[in-house]
Amino acid sequence: MIVASWLGGWRRVWQASGMALGLHGLTFLLALPFALLVRDQIAGQLGSSLAAGAVADGVNNDWWREFTAQATGLGATFTPSIIGFASTLDTVSRVLDARYPPTALMWLLGGYLTLWTFLSGGILDRYARQRPTHAHGFFSASGRLFFRLARLTALGGLVYWLLFRYVHPWLFLDVWRDVTRGLGVERTAFIWRLVFYLLFGIVLLKINLVFDYARIRLVVEDRRSALGALRASLQFLWRHPLDITALYALDGAGFVLLLALWSVAAPGVYGAGLAMWLAFAAGQLYLLARLAIKLHFLASQTALFQSHLAHASYTAAPAPAWPESPAAELITR
Amino acid sequence: MRRPVLLSIVIGAVLIAAADRAGGQQQAPPAALPRGGVQAFDQPLPDALSPRNASYDIAVRLDPARKEIKGRETIRWRNISAAPTNELQFHLYWNAWRNEDSTWLREDRLRAPAPARSRDAVRRPDETGASDVTSIKVTPAGGAASDLTSTIRYLAPDDGNAADRTVMAVTLPAAVGPGGSVQIDIEWTGRIPFAAARTGWIADYFFFGQWFPKIGVLEDTGWNTHQFHAATEFYADFGIYDVQMTVPGGYKVGATGREMRRVDNADGTTTHSYHADDVADFGWTTSPSFVEERRAFNHPKLPSVEMRLLLRPEHRGQETRQFAAAAAALEYYGQWFGAYPYGNITIVDPADQSNSDGMEYPMIFTGRANWLSPAQVATPDSTVTHETGHQWWYGVVATNEFENGWMDEGFNTWATARVLEETRRSNLIAVRTFGGFIPYTLNVPLSREVDGNRMPGYRPDAKSDAQTTPTFRYWPGSANAITYAKTALWMHTLERHLGWPTMQKVMATYFDRWKFRHPRPQDFFQVVNEVSGQDLTWFFDQVVRTSNTFDYAVQELKQEPSSQGRTRAVVVAQRLGEATFPVDVVTTFADGQQATEHWDGKDRRVVYTYDRPARVTRVEIDPGHVLLLDLNRTNNSRTTQPRAAEAARKWSLAWMVWLQELMITSGIFG
Numbered sequence: 480m481i482v483a484s485w486l487g488g489w490r491r492v493w494q495a496s497g498m499a500l501g502l503h504g505l506t507f508l509l510a511l512p513f514a515l516l517v518r519d520q521i522a523g524q525l526g527s528s529l530a531a532g533a534v535a536d537g538v539n540n541d542w543w544r545e546f547t548a549q550a551t552g553l554g555a556t557f558t559p560s561i562i563g564f565a566s567t568l569d570t571v572s573r574v575l576d577a578r579y580p581p582t583a584l585m586w587l588l589g590g591y592l593t594l595w596t597f598l599s600g601g602i603l604d605r606y607a608r609q610r611p612t613h614a615h616g617f618f619s620a621s622g623r624l625f626f627r628l629a630r631l632t633a634l635g636g637l638v639y640w641l642l643f644r645y646v647h648p649w650l651f652l653d654v655w656r657d658v659t660r661g662l663g664v665e666r667t668a669f670i671w672r673l674v675f676y677l678l679f680g681i682v683l684l685k686i687n688l689v690f691d692y693a694r695i696r697l698v699v700e701d702r703r704s705a706l707g708a709l710r711a712s713l714q715f716l717w718r719h720p721l722d723i724t725a726l727y728a729l730d731g732a733g734f735v736l737l738l739a740l741w742s743v744a745a746p747g748v749y750g751a752g753l754a755m756w757l758a759f760a761a762g763q764l765y766l767l768a769r770l771a772i773k774l775h776f777l778a779s780q781t782a783l784f785q786s787h788l789a790h791a792s793y794t795a796a797p798a799p800a801w802p803e804s805p806a807a808e809l810i811t812r
Numbered sequence: 171m172r173r174p175v176l177l178s179i180v181i182g183a184v185l186i187a188a189a190d191r192a193g194g195q196q197q198a199p200p201a202a203l204p205r206g207g208v209q210a211f212d213q214p215l216p217d218a219l220s221p222r223n224a225s226y227d228i229a230v231r232l233d234p235a236r237k238e239i240k241g242r243e244t245i246r247w248r249n250i251s252a253a254p255t256n257e258l259q260f261h262l263y264w265n266a267w268r269n270e271d272s273t274w275l276r277e278d279r280l281r282a283p284a285p286a287r288s289r290d291a292v293r294r295p296d297e298t299g300a301s302d303v304t305s306i307k308v309t310p311a312g313g314a315a316s317d318l319t320s321t322i323r324y325l326a327p328d329d330g331n332a333a334d335r336t337v338m339a340v341t342l343p344a345a346v347g348p349g350g351s352v353q354i355d356i357e358w359t360g361r362i363p364f365a366a367a368r369t370g371w372i373a374d375y376f377f378f379g380q381w382f383p384k385i386g387v388l389e390d391t392g393w394n395t396h397q398f399h400a401a402t403e404f405y406a407d408f409g410i411y412d413v414q415m416t417v418p419g420g421y422k423v424g425a426t427g428r429e430m431r432r433v434d435n436a437d438g439t440t441t442h443s444y445h446a447d448d449v450a451d452f453g454w455t456t457s458p459s460f461v462e463e464r465r466a467f468n469h470p471k472l473p474s475v476e477m478r479l480l481l482r483p484e485h486r487g488q489e490t491r492q493f494a495a496a497a498a499a500l501e502y503y504g505q506w507f508g509a510y511p512y513g514n515i516t517i518v519d520p521a522d523q524s525n526s527d528g529m530e531y532p533m534i535f536t537g538r539a540n541w542l543s544p545a546q547v548a549t550p551d552s553t554v555t556h557e558t559g560h561q562w563w564y565g566v567v568a569t570n571e572f573e574n575g576w577m578d579e580g581f582n583t584w585a586t587a588r589v590l591e592e593t594r595r596s597n598l599i600a601v602r603t604f605g606g607f608i609p610y611t612l613n614v615p616l617s618r619e620v621d622g623n624r625m626p627g628y629r630p631d632a633k634s635d636a637q638t639t640p641t642f643r644y645w646p647g648s649a650n651a652i653t654y655a656k657t658a659l660w661m662h663t664l665e666r667h668l669g670w671p672t673m674q675k676v677m678a679t680y681f682d683r684w685k686f687r688h689p690r691p692q693d694f695f696q697v698v699n700e701v702s703g704q705d706l707t708w709f710f711d712q713v714v715r716t717s718n719t720f721d722y723a724v725q726e727l728k729q730e731p732s733s734q735g736r737t738r739a740v741v742v743a744q745r746l747g748e749a750t751f752p753v754d755v756v757t758t759f760a761d762g763q764q765a766t767e768h769w770d771g772k773d774r775r776v777v778y779t780y781d782r783p784a785r786v787t788r789v790e791i792d793p794g795h796v797l798l799l800d801l802n803r804t805n806n807s808r809t810t811q812p813r814a815a816e817a818a819r820k821w822s823l824a825w826m827v828w829l830q831e832l833m834i835t836s837g838i839f840g
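So the protein sequences, as listed, match chains U and B. Mind the numbering: the first sequence is residues 480 to 812 in the working numbering, read in order. Mind the numbering: the second sequence is residues 171 to 840 in the working numbering, read in order.
Don't take every hint at face value.
[Claimed, not checked] Non-contacting residues of chain B with respect to chain U, defined by C-beta distances greater than 10 Å in every case (computed): (1) L219; (2) A345; (3) G605; (4) G703; (5) R715; (6) T737; (7) R808; (8) R819; (9) A824.
[Stated by the list, open to error] With a straight-line cut-off of 20 Å between C-alpha atoms, the simulated SDA-like cross-links for lysine to any residue are: (10) B:K728 <-> B:V777; (11) B:K728 <-> U:G526; (12) B:K772 <-> B:R738; (13) B:K237 <-> U:F734; (14) B:K237 <-> U:Y749; (15) B:K237 <-> U:K773; (16) B:K633 <-> U:T547; (17) B:K240 <-> B:E297; (18) U:K773 <-> B:G837; (19) B:K307 <-> B:G347; (20) B:K633 <-> U:G661; (21) B:K633 <-> U:R544; (22) B:K685 <-> B:L219; (23) U:K685 <-> B:Y780; (24) U:K773 <-> B:A436; (25) B:K237 <-> U:G661; (26) U:K685 <-> U:W717; (27) B:K240 <-> B:A436; (28) B:K237 <-> U:G526.
FYI, nobody ran anything at the bench for these hints, they're computed from the structure. Note that the structure is a prediction, hence the values are computed from the model and not measured. By construction, the Cβ of each residue, glycine as well, lies at the ideal position given by its N, Cα and C atoms.
Please put together the full structure from these sequences, using the hints given.
Below you can see the structure in the form of structure tokens.
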């Protein structure tokens with residue numbers, strides 16, 4: 480059942496590969512204006528300087544130090560940790576160490592999460608039905624489910640806020656300080672850190688699982704109540720802990736494998752011109768793979784949930800049709 | 171006669187060998203002290219390297235369970251100033267952690283308020299430190315001992331802080347005139363602080379810095395005994411140290427000087443006796459966990475040095491790097507400035523979180539190592555080189571670090587960066603993630619000019635203080651920028667301005683002239699002027715006596731056709747900073763010709779006009795990068811073929827991938 484769900488998840492992602500591409504396009508379009516702003520900051524700081532040559536051909540840390548000393552807002556995030564695989568380590572480490580991005584990016588990330596909430600209705604609906612819903616069906620489901628999912632996301636936001644506002648500092652400041660206070664061996668401190676990451680990670684992933692299955696049950700069973708979906712999710716997790724955990728581990732292994740591959744393939748420092756575009760393309764391919772894996776988590780979990788129902792492709796809501804209103808039909812005529 | 175002599179020698183040798191071998195059967199004499207009389211110290215021996223006017227015999231016993239030491243010391247002190255004194259002043263540095271209102275802790279809170287829930291902000295009662303003098307007796311030359319314990323009082327010469335007890339004074343029954351000497355017998359107990367400011371304990375590791383009652387420095391103008399400050403270090407006279415440290419058996423000891431004797435005591439402790447000549451301080455460390463390694467430093471032109479490394483077991487495998495880094499300093503500093511005078515040196519690899527990393531004491535210092543230290547990254551190497559270098563700038567040339575900290579920290583930062591450059595050691599950036607534990611090396615080299623001289627630290631605090639301000643009065647939060655970085659930058663600037671051969675001669679002369687003495691800034695300036703044959707007062711006026719900053723820029727490059735196909739070009743160079751420095755303005759033309767203008771850099775602007783057959787392709791101010799203090803290097807040049815768009819496009823695309831990944835990762839919350 481677990482392997483079948485895992486394979487079924489990949490099949491669903493593959494059959495609806497346009498969604499991965501669409502999501503990738505979304506991140507691209509959202510990031511682009513910010514990247515243009517950073518580009519302008521860099522170009523403005525370099526001006527007609529000769530320093531630009533070295534910066535274009537490779538990397539010039541002396542210039543970089545000067546730039547970051549003067550940069551504010553978005554420019555302040557332009558540090559060497561954006562290079563190659565350091566970028567991946569930095570972003571994952573940010574989550575586990577609760578390092579918040581600068582305010583300028585918080586708005587972007589908030590917007591992205593809102594859009595994701597909107598799209599996740601259509602995505603889950605498509606994965607649950609296992610047949611093309613086309614754009615009209617996809618967006619119809621997205622719109623129909625948005626406010627329900629938004630309520631669920633708001634609840635999730637509250638839980639994550641409590642987790643990062645209270646649990647993380649308690650664990651990584653108070654408990655960490657007490658546990659490592661007398662430690663004179665860095666390696667031992669690191670082992671403790673790993674234990675803390677593990678503990679925090681388990682809590683984080685458990686919460687993720689609860690909200691993932693709440694979304695799935697909300698969509699598949701056409702639930703109206705976010706709280707009801709949460710309760711149903713908890714019941715499902717309670718009844719099938721091994722299946723759910725095993726599938727999550729299998730999905731997680733795919734994520735780790737991708738990171739391992741990217742750690743080898745990620746381009747480091749390169750010149751402008753063709754190398755720049757190749758590196759950018761490699762980065763986009765990696766991001767596409769990240770999104771595919773993210774979608775696979777949802778698809779495989781949907782498959783697992785449906786496999787526990789009487790009908791493996793059951794969805795409660797009728798196939799979405801849009802536009803539905805008479806007024807819109809009039810427009811069509 | 172010959173036989174009895176030979177017999178005596180043989181018997182003596184056998185007895186000594188037996189005593190060495192059967193050390194465990196000897197009784198420790200932790201309380202035994204006086205050696206020689208006061209008169210013997212009235213004048214140093216003719217071959218003494220230093221004045222030896224503050225010599226110590228110390229016996230100290232460590233109680234690791236109670237985190238306490240008990241000690242007795244005899245100080246033989248001679249007044250080498252021109253003024254008489256009717257009191258004696260002492261440093262009791264560990265009292266900096268006696269209460270929350272000490273000057274050190276007050277300043278430390280100003281420097282960087284500890285995060286509310288950090289270890290530093292939550293100091294437990296058993297983590298405080300203290301030095302309590304329980305008895306002090308003074309014996310003048312040829313006189314009787316006076317018990318001055320009841321006259322003990324605490325001074326706060328720098329800020330009048332009544333809660334600070336880091337300076338102690340006693341009133342003498344009779345003044346000690348110039349050339350006069352006294353013997354001071356002190357008994358004290360010390361509560362060892364928990365991992366604070368390069369001293370203290372953590373786990374089974376102890377590092378003892380500034381741990382004993384230390385007499386201040388009497389100058390012609392009076393006592394120079396500053397309180398312990400958060401951003402400054404120390405100042406002391408030279409002397410001979412004989413120190414007996416009694417620690418639990420099995421604990422390894424490293425200390426200033428050379429181990430002369432080791433005795434296992436009946437109570438399971440071991441007494442280690444160290445001796446050092448011509449040093450101004452004494453530091454030591456002990457831990458049962460140390461792994462001991464030894465290597466010899468040999469060089470055809472320099473005296474050999476026995477290097478000893480006390481390594482943490484988890485850092486096994488890094489010994490070669492640490493020895494190589496120390497050897498590099500011994501070699502290059504030795505050749506450039508003067509030979510290391512002591513014959514042995516101990517490198518201590520400190521415990522994690524000990525706060526004792528990167529600290530220098532005569533003949534012993536702590537490095538800084540991480541469990542994961544990529545080979546291409548210059549840590550721990552740079553720290554070991556730097557702290558070895560302090561043997562020259564601090565250890566031998568002993569400046570007053572309270573007032574002129576930049577004279578050793580800054581000089582040494584400059585010299586360390588020069589050694590790293592000379593050794594051509596790989597020095598790449600490591601991004602540290604996951605709580606700082608996991609390094610990821612990027613193929614981004616760090617330069618001597620910027621990172622070696624710590625320019626990134628200087629930039630934001632460039633105007634925070636002038637170096638003529640006594641270091642202990644620097645703003646605590648930015649003191650390091652002025653002490654370390656600014657000095658390294660202007661020393662490197664001076665090196666490029668004078669040329670390395672002259673600069674090397676300057677520093678060698680300075681070292682030779684001021685070794686085992688206490689030079690002041692003016693003494694250094696005088697050597698520079700004398701050796702270089704130039705009056706560089708204008709330079710020191712800029713970099714030492716003000717907090718002004720340097721920034722030169724190309725303001726404008728205009729070109730228009732003139733007659734007969736020629737081009738008329740106008741170049742405007744601008745001074746944006748308040749400080750001035752002579753710079754070259756080099757204009758390059760399309761035909762490869764160059765015009766070099768030597769601008770004194772004083773006016774706000776200078777205009778150069780050219781009428782040439784070729785157009786200008788680029789203008790550069792200070793193309794040789796002599797002025798390393800220039801805060802904004804990017805605006806120093808202008809080209810007619812700018813590549814900023816290319817560079818910005820490339821890096822913004824890389825940044826965009828990072829941002830997209832951040833978005834996808836944050837999707838975990840949606």
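Evaluated hints:
1. At roughly 36 Å, the least C-beta separation between L219 (chain B) and chain U is larger than 10 Å, which holds for a residue marked as non-interface.
2. For A345 (chain B), the requirement that its beta carbon stay farther than 10 Å from each beta carbon of chain U is met, with the minimum near 48 Å.
3. Non-interface status of G605 (chain B) relative to chain U is broken: a Cβ of that chain comes within 10 Å, the nearest being about 5 Å off.
4. The beta carbon of G703 (chain B) is kept farther than 10 Å from every beta carbon of chain U, the shortest such distance being approximately 32 Å.
5. Non-interface call for R715 (chain B) relative to chain U: holds, since the shortest CB-CB distance, roughly 25 Å, exceeds 10 Å.
6. Even its closest Cβ contact with chain U, about 17 Å, leaves T737 (chain B) beyond 10 Å, as expected for a residue assigned away from the interface.
7. Remark: the non-interface label on R808 (chain B) conflicts with the geometry, its nearest Cβ contact in chain U lying 5 Å away (cut-off 10 Å).
8. Interface exclusion of R819 (chain B) from chain U breaks down, the closest Cβ pair being 6 Å apart, not more than 10 Å.
9. Once the 10 Å rule is applied to beta carbons, A824 (chain B) is inconsistent with being away from chain U; the minimum gap is 6 Å.
10. Of the supplied pair hints, the one linking K728 (chain B) and V777 (chain B) holds, its CA atoms being roughly 11 Å apart against a limit of 20 Å.
11. As the CA atoms of K728 (chain B) and G526 (chain U) are separated by approximately 15 Å, the hinted pair is consistent with the 20 Å bound.
12. As the CA atoms of K772 (chain B) and R738 (chain B) are separated by approximately 26 Å, the hinted pair breaks the 20 Å bound.
13. Distance check on the hinted pair: K237 (chain B) and F734 (chain U) sit about 49 Å apart at the alpha-carbon level, beyond 20 Å; violated.
14. Of the pairs offered as hints, the one joining K237 (chain B) and Y749 (chain U) is violated, with about 55 Å between alpha carbons and a cut-off of 20 Å exceeded.
15. The suggested pairing of K237 (chain B) with K773 (chain U) is violated, with an alpha-carbon distance near 54 Å, which exceeds 20 Å.
16. For the proposed pair K633 (chain B) and T547 (chain U), the alpha carbon gap of about 19 Å is at most 20 Å, so the pair holds.
17. With a CA separation close to 17 Å, the supplied pair K240 (chain B) and E297 (chain B) stays within the 20 Å bound.
18. Proximity of K773 (chain U) to G837 (chain B) is assessed by CA-CA distance (about 9 Å); at most 20 Å being required, the pair is judged to hold.
19. A hinted pair counts as satisfied when its Cα atoms are at most 20 Å apart, and K307 (chain B) with G347 (chain B) qualifies at roughly 18 Å.
20. In summary, the hint linking K633 (chain B) to G661 (chain U) is not supported, as the alpha carbons are separated by about 39 Å, beyond the 20 Å threshold.
21. For the hint linking K633 (chain B) to R544 (chain U), the alpha-carbon distance of about 18 Å falls within 20 Å, and the restraint holds.
22. Distance check on the hinted pair: K685 (chain B) and L219 (chain B) sit about 8 Å apart at the alpha-carbon level, within 20 Å; holds.
23. Restraint check for K685 (chain U) and Y780 (chain B): not satisfied, since their Cα atoms lie roughly 73 Å apart, outside the 20 Å limit.
24. This hinted pair does not check out: K773 (chain U) and A436 (chain B) have alpha carbons roughly 68 Å apart, beyond 20 Å.
25. In summary, the hint linking K237 (chain B) to G661 (chain U) is supported, as the alpha carbons are separated by about 13 Å, within the 20 Å threshold.
26. The hinted pair formed by K685 (chain U) and W717 (chain U) meets the criterion: a straight-line CA distance of about 12 Å does not exceed 20 Å.
27. With a C-alpha separation of about 19 Å, the suggested pairing of K240 (chain B) with A436 (chain B) holds against the 20 Å cut-off.
28. For the hint linking K237 (chain B) to G526 (chain U), the alpha-carbon distance of about 60 Å lies beyond 20 Å, and the restraint is violated.
Hints 3, 7, 8, 9, 12, 13, 14, 15, 20, 23, 24 and 28 from the list above are not met by this structure, while the remaining hints are.
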